[in-house]
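> Sequences and hints are given; from them, build the entire structure.
Chains as they are written, first to last, in this note's numbering: chain V, 2 to 334; chain F, 2 to 334; chain Y, 2 to 334; chain L, 2 to 334.
Do not take every clue at face value.
To be verified - Below are the PhoX-like pairs computed for lysine-lysine, each with C-alpha atoms no more than 25 angstroms apart in a straight line: (1) Y:K119 - L:K306; (2) L:K19 - F:K19; (3) L:K217 - V:K217; (4) F:K221 - Y:K221; (5) V:K334 - V:K276; (6) L:K298 - F:K36; (7) Y:K221 - F:K119; (8) F:K306 - V:K119; (9) V:K19 - Y:K23; (10) V:K308 - V:K291.
Everything labelled a hint here was simulated from the structure, so no lab data went into it.
Listed below are the residues making up each chain.
There are 4 protein chains.
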Amino acid sequence: MYQFTNDYSYLAHPRIIKALEKYSDEHNIAYGLDKHSFSASNYIKDIFDVPNASIHYLAGGTQTNMVLISSAIKHYEGVIAANSGHINVHETAAIEGSGHKIITVNGKDGKVYPNDIKEVMELNNNEHMVKPALVFISNSTEIGTIYTRKELLDLREVCDEYGLYLYLDGARLGSALTSKECDYEPSFLGHVLDAFYIGGTKNGFLFGEALVIVNKQLQKDFRYAIKNKGAMLAKGYAVGIQFEEAFKDGLYFDIAKATNEVADYLKDKLAISSKEQPTNQIFIKLDNKKAQEVINKFGTEMWNKGKNESEIRIVISFMTTKKDVDELIEFLK
Amino acid sequence: MYQFTNDYSYLAHPRIIKALEKYSDEHNIAYGLDKHSFSASNYIKDIFDVPNASIHYLAGGTQTNMVLISSAIKHYEGVIAANSGHINVHETAAIEGSGHKIITVNGKDGKVYPNDIKEVMELNNNEHMVKPALVFISNSTEIGTIYTRKELLDLREVCDEYGLYLYLDGARLGSALTSKECDYEPSFLGHVLDAFYIGGTKNGFLFGEALVIVNKQLQKDFRYAIKNKGAMLAKGYAVGIQFEEAFKDGLYFDIAKATNEVADYLKDKLAISSKEQPTNQIFIKLDNKKAQEVINKFGTEMWNKGKNESEIRIVISFMTTKKDVDELIEFLK
Amino acid sequence: MYQFTNDYSYLAHPRIIKALEKYSDEHNIAYGLDKHSFSASNYIKDIFDVPNASIHYLAGGTQTNMVLISSAIKHYEGVIAANSGHINVHETAAIEGSGHKIITVNGKDGKVYPNDIKEVMELNNNEHMVKPALVFISNSTEIGTIYTRKELLDLREVCDEYGLYLYLDGARLGSALTSKECDYEPSFLGHVLDAFYIGGTKNGFLFGEALVIVNKQLQKDFRYAIKNKGAMLAKGYAVGIQFEEAFKDGLYFDIAKATNEVADYLKDKLAISSKEQPTNQIFIKLDNKKAQEVINKFGTEMWNKGKNESEIRIVISFMTTKKDVDELIEFLK
Amino acid sequence: MYQFTNDYSYLAHPRIIKALEKYSDEHNIAYGLDKHSFSASNYIKDIFDVPNASIHYLAGGTQTNMVLISSAIKHYEGVIAANSGHINVHETAAIEGSGHKIITVNGKDGKVYPNDIKEVMELNNNEHMVKPALVFISNSTEIGTIYTRKELLDLREVCDEYGLYLYLDGARLGSALTSKECDYEPSFLGHVLDAFYIGGTKNGFLFGEALVIVNKQLQKDFRYAIKNKGAMLAKGYAVGIQFEEAFKDGLYFDIAKATNEVADYLKDKLAISSKEQPTNQIFIKLDNKKAQEVINKFGTEMWNKGKNESEIRIVISFMTTKKDVDELIEFLK
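Structure representation (structure tokens):
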């Protein structure tokens, strides 16, 4: 039975594995200074329209968030994030552990809004309080929603007004950008963000994330920062090869799009609007007995346990087929 | 015109200054190993009934919270505190800056309740989330309220159930313990807390706080921890002398009691119940114009600014007299 | 032309790649709780005779050192290491960056000796100095030497005497244990160390290190510590699969042994004693002109640049053949 | 019997105590924003010729070093210091504990020289090594020596060449500047340093150090940095009053000069050259029996214990009189 637990429980897309195999006996410069990493970076610069970005390949998302944030801000500075933000909930205090306070806002639908930021800025206005310095958002968010073009432009504006960095966690950026509901191209992101990462792990890679630093101020000495957090991979080319493969002909987006299509197929069957659940994470409510059965059989995650009814999370991955979905639907009936 | 800004804007109680003068040409062992510090600690052990506590003298409250918490817990562990808690709001991320997440609960009246803790413990139940390890409370709280005997016993019970340390910030402990509304003796605290500090700075001292570590597990190598955070005073006896003077014959509580009496005098005039505002911080609402006038003339602090009406904070200190209060009352009429 | 730069410039041993390919469409539990990781751990427990160890799979060596050390000791505690130790020289202050002082000793041949430790312990004897808490050694060392059975037993003894943890960085543990000069079995290490890691990256893996925590005190909450440092891999099974493959039938040691044989072949040709250079890193002195030519042609690293003569480092990897060595020898003539 | 242990075992100079007494019932703005602190800063700006410096008052030397360094540099950056430097030896890893590596040089006479810095800069030249960013010196040094005008100019030059900050720990700056051997005025320091602190604690103050930040780049948000490390004093004016008193008419230098005169008196008697031991710390060698007797009777510190002969440290403080010295001399005969 296919398991709908998450999008990182299957090793990698066949083309990713093949690419690694192909270069397995080739000499490469270590620590991310190899030709594959450079080539991947060139593709990314083109696609996201960030010709002057510096791009770094790291092993995982929590690590990427931690290295970027701890390099960008001081210990008396803080990060504004949604209550539901990954850094606030599911990173075992990696951000605070490296010395940085997260200032949470309630947000809505897992997103941060300009008004949230304004309120924080008005409150935190003296040296006895943490100084906000960076806004953390994720796209898609932890609950599968995505930002609109207008929302991102508005965030950029308020960040500029207050001198804040705008950083986007793109663990599921593929799914966000290929969603039917997404109203911008990848290149738009390069114009509104100071930094973002393009998630590989949850989009069919063996492992790896590409951190794209657009803002010059954040680029300085960044390789030192990576090494200092134990995040520099000796065989950096192992990630470079994957990103090169994924971006040389659009594989990255193909994987995400195919995944979204299977997700949309499921949503159709369940009469869920793509507007409300635009990406590959699908949340449904079931009575508790049924919820537990689905969890047991399909490995889905309990999201919000209620007294009688509970919300479970179904995740579609690069491995999920419509046939897998049909079996799930059948069981849900 | 007397200034009601806070309780640390006047240097020190005359007896404290006199005590320092008295010992000004005496040789003392440095770094807190002097006879005055030992004598002060003996008084404290008696009064709080903590014969096996280790007691350390530090310069300020934020520092004391930071040294204790960062020594007590690991970076993947967190502190449960009220949203309004001093460590969360007014310490410029000193706790997070030293690597520890604060898990905030809404609480009520500035206090943390057992149910708040239970909810946190049920939610934070796996290694992808911060592991709660210590509960931070303050007494009096940041909004002047105090814990009852029953409330502290209940907190102790839930902390024992979940294996959490219970730590009390006593920046205004004098005011709390000498409040008419307080239903326990100092010695009670020694029995329900793992650690607490007795605030000197806000109770007529030149500077200095006494950190009382009751729990043996937290005592190990603590002098190393103090020095490591830059918090060990070369002339530790300068604080030891003040605490010795304050506890040898009850001066500490006399100062607090006298302060509370002036505060009660003000509350009477304003028809404020001591039940609701039991200590030396008094919050009143005024229309915005009047509020601003009081702030300008008496140095009080704006607490919550509203559209038409605002809340201001009036603090009674060891220097405030009933005559000072009369002038304020006159102006408020 | 084969490049003798280091042992991490070629992607992976064919069997490692094959193993990944084999499991590419299998569902696995994330975060290192999968069956391959468990199976690998069982092999490791057997081979190193550590039935009660806890074993964790991480991405790289600097990260592994940082996570282990920062979890094991407090901020006022320090690590004793050789001046030449990797953590002291080539980790961009990852240990200090996470809050821990390294106390360096001169050592000899890249090794730490009991007398070095005794001297440190006698000097650092009060709370104004860092408190030594852990001894860091590497095997093979950064200059290719290995510890003898006697040396390790002596270190264990002095660590026990002073209450210090003994931790071994095994980035090149394969090469050390399969050296002709090694006078102990893998299981011996399990009996004298508190913790060690078995390096995969430099022994033919795509990436990955296995951290073996023998001492119960160091095991507590270690998965929290990993996640808190951003070091928990979502697809932990990607490392588990590699270690399972490497230890199920001795591949790990076969790779190391084969590598050492090529290294010995080179040493024979150069009349270098295996006693002095027992593993896969070989240091030779050449006049500066020749040294530069070798560097240019074979990618070897400059180790110590002198006025007329320089020392270069030649590293044999799992990819190096005797034919590659022959070409190098030819050029050196 | 007078105790020659150190220069912080007697509470404070009478004029310092008197000044505190004088202002004991005056209202002052908290957190160092009071008129006394501003007045003190104006005197300091004049004397050290640093009209654009920002000046902050902290409680102790280790704290001051920690706050300045941790604010000035990143975690992947390091501090160059002499092996004997206070931050390296006697601060219980406060610098590393806050995340910064100290790169030690052997120096000579407790001082750092341009060549030491050059060697470090040539070695630490890539992102796998800590990036040197700040040079820490002390004046007088931990062994009582002082820098010459020429030496400081040379350090400035090399720091400019490599883009390093030059920071001076002035725990005993008074003694250095009033030494007969000192060949510059206070104002010279303001022209060659990026930051320095003027020690109060060891020069007759109750407590307190004045941190003078000359370099604009280091000034930004510094009050946030202070608070974030728990180092902002609520009653900052308690230190401001002391510095105002000490600098309004030269008391600071008078105390230091008088102390140096007593030290010179002792040196004369012992035929110690002021060139070699220019300040208030005097090191003498005695046979072990005699050394122990002096330690027991006069509280001096053992500095280097030898087999037969040992070096002890005699410290002259603001309280020491020539009569006290006579008694010591008598005993030494």
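> Of the hints stated earlier, which fail here?
Violated hints: none; all satisfied.
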